[in-house]
Amino acid sequence: MIARTLVTVLLIIGVLIAIVLILRNMNRTNSRINRIRRDYMVLYGLSKEQANQALDRHIALLKSKHPNREEIWYYEKALYDLQRDRR
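Residue numbers (the numbering used here): 16 to 102.
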């Protein structure tokens, strides 16, 4: 009986730790995406709205060409492409 309770408690603790780690990773990814969006806007050089529209179009194109990538990859690739084109 005690062993069963201990196993249940350990499973619950394990699930909670996994949830915390997933949420931390999501927060880091969102922070990176926000930073890339800001960098894209600065480099794009026009209004914030126009830069956001251009970035959204670029990401949609990348998603159609390269499906099943992580979300951050599309943002990093869009920024890389803009930097490359500005050279």
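Where hints are given, some of them may not hold.
Simulated DEER-style distance windows between Cβ atoms [said to hold, decoys possible]:
id, residue 1, residue 2, range
1, Glu91, Gly60, 17 to 27 Å
2, His81, Ile28, 31 to 41 Å
3, Arg99, Ile27, 16 to 26 Å
4, Ala18, Ile74, 17 to 27 Å
5, Thr20, Arg99, 51 to 61 Å
6, Gln65, Ile87, 28 to 38 Å
Think about it this way: if two alpha-carbon atoms lie no more than 20 Å apart in a straight line, the pair counts; the simulated EDC-like pairs of lysine to aspartate or glutamate are [unchecked claim]:
id, residue 1, residue 2
7, Lys92, Asp54
8, Lys80, Glu64
9, Lys78, Asp96
10, Lys92, Asp71
11, Lys78, Glu91
12, Lys80, Asp54
13, Lys80, Asp96
14, Lys63, Asp96
15, Lys63, Glu85
In short, the hints are calculated from the structure, not lab data. Backbone N, C-alpha and C define an ideal beta-carbon position, used for all residues, glycine too.
Now for the hints, and whether the structure bears them out:
no., hint, verdict
1, Glu91 with Gly60: 17 to 27 Å, "holds, 20 Å"
2, His81 with Ile28: 31 to 41 Å, "holds, 38 Å"
3, Arg99 with Ile27: 16 to 26 Å, "violated, 49 Å"
4, Ala18 with Ile74: 17 to 27 Å, "violated, 51 Å"
5, Thr20 with Arg99: 51 to 61 Å, "holds, 59 Å"
6, Gln65 with Ile87: 28 to 38 Å, "violated, 23 Å"
7, Lys92 with Asp54, "holds, 13 Å"
8, Lys80 with Glu64, "violated, 24 Å"
9, Lys78 with Asp96, "holds, 14 Å"
10, Lys92 with Asp71, "holds, 12 Å"
11, Lys78 with Glu91, "holds, 13 Å"
12, Lys80 with Asp54, "violated, 23 Å"
13, Lys80 with Asp96, "holds, 14 Å"
14, Lys63 with Asp96, "holds, 18 Å"
15, Lys63 with Glu85, "violated, 25 Å"
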